[in-house]
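Could you build the full structure based on these sequences and the hints that come with them?
Residue numbers (my numbering), protein chains in the order written: chain A, 1 to 232; chain B, 1 to 90.
FYI, nobody ran anything at the bench for these hints, they're computed from the structure. Keep in mind it's a predicted model, so treat the numbers as computed, not measured. Don't be surprised by glycine CBs; every beta carbon is placed ideally from N, CA and C. Hints are all accurate, no fakes.
Partial list, computed: chain A residues near chain B (C-beta under 8 Å):
(1) 39
(2) 40
(3) 45
(4) 48
(5) 101
(6) 160
(7) 163
Simulated crosslink set (DSBU-like; lysine-lysine; CA at most 35 Å straight-line):
(8) B:54 / A:38
(9) B:25 / A:35
(10) B:57 / A:35
(11) B:25 / B:50
(12) A:35 / B:22
(13) B:25 / B:41
(14) B:50 / A:35
(15) B:70 / A:35
(16) B:25 / A:105
(17) A:105 / A:38
(18) B:70 / B:54
(19) A:105 / B:50
(20) A:105 / B:70
(21) B:54 / A:35
(22) B:83 / A:38
(23) A:38 / B:50
(24) B:25 / B:54
(25) B:22 / B:63
(26) B:63 / A:38
(27) B:83 / A:105
(28) B:70 / B:57
(29) B:25 / B:63
(30) B:41 / A:105
(31) B:22 / A:105
(32) B:22 / B:54
(33) B:57 / B:25
(34) B:22 / A:38
(35) B:83 / B:22
(36) B:41 / A:35
Over the 12 Å line for every Cβ pair with chain A, so calculated as not near, a few chain B residues:
(37) 28
(38) 37
(39) 56
(40) 57
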Amino acid sequence: MDIYNFLLLNREILKIISTLFIVIICLLIVVRTNKLFKLSSHSGIRYFRNAFFFYGIAFILRYLGTFLSTFLFPYREIFSSICLLLFEYFIIMAGFFLFYSLLWKRFEINTRDYSSLFNPRIAIFYVMSFIIAILDYLWSTYALMYLSQIILFAIATFIIIFNNNLQKKENFLNIYSFVIALNLIMWTANFLIAYSFNWNHLGVIAIYGLNMIIFFLFLFEVWRFTEIRQYD
Amino acid sequence: MTKKRERLEVIRDILSSVSGGKSIKPTRLLYASNLSPQMFKDYVDELIGKGFIKVNKDEQEHKTISITNKGIEFLQQYRAIEKFVVNFGL
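This is how it looks when you write it as structure tokens:
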């Protein structure tokens with residue numbers, strides 16, 4: 001049996017493995033950045049942490065929708081579709097948090113008055129995520145989610161490279177800007193595989209792999225910059 | 001025109017003023033911090049709450065402010081936090 005057939009036959013298992021891998025990475029990032037936030041009370045770190053908290057929830061929901069739903073026959077269909085609706089909602093929201101972590105300084109003057117989870121600006125993202133997730137659900141598609149994330153990461157890539165260039169950083173194309181650009185590539189590839197290649201199985205598996213690489217790189221960067229002594 | 005200091009920079013400046021075992025009067029720290037009295041009070045309250053500085057009183061009830069071990073550790077970690085914020089564009 002060649003590698004392609006092996007991958008195709010074990011597609012669902014690979015999906016579960018990649019999902020659990022990402023959930024663990026998100027958990028580690030949340031723990032590391034939360035300690036840094038407690039130390040500094042920096043709002044940017046808080047929004048960054050929230051992004052991975054929401055990514056973690058999203059992938060837990062995907063795990064539940066994919067794996068646990070098989071044990072819930074005859075409610076499998078309903079449970080699975082609710083999980084996937086919530087997965088979409090949380091993943092869009094996580095993208096917004098990551099995006100807003102780059103922009104919050106321009107909008108928040110007295111940051112200590114803000115809750116990072118519930119404030120007027122974040123409420124706009126909640127509403128937008130809800131609308132996108134509901135429309136996708138009603139139209140039985142993922143197109144709006146993909147498009148929203150492509151736009152979001154395209155702008156985020158531009159902002160990071162522009163800011164790095166503005167600050168005249170020696171390596172203005174650092175690993176983080178590379179990971180954000182990789183996210184843009186991943187969402188674009190996901191969209192193309194879904195709608196131009198009719199969910200090509202190998203393409204979907206490649207996306208799982210790319211997703212794992214992206215989250216691993218996120219963790220790598222966070223780990224590298226949080227190698228500090230903690231005290232609580 | 002000089003750039004407005006970031007919140008973390010203000011905290012670093014306040015802690016640096018009381019570092020090295022110095023215990024100084026609040027008014028002197030206010031001048032050293034270069035903040036408005038209200039903002040200074042907010043920052044000092046926050047730093048006391050975080051356990052980075054402490055208020056001492058002598059026999060005549062004169063107040064002085066000194067840095068705690070946690071504050072010293074924060075100063076040591078400041079560069080790491082700053083690097084994190086810069087690296088992730090936060």
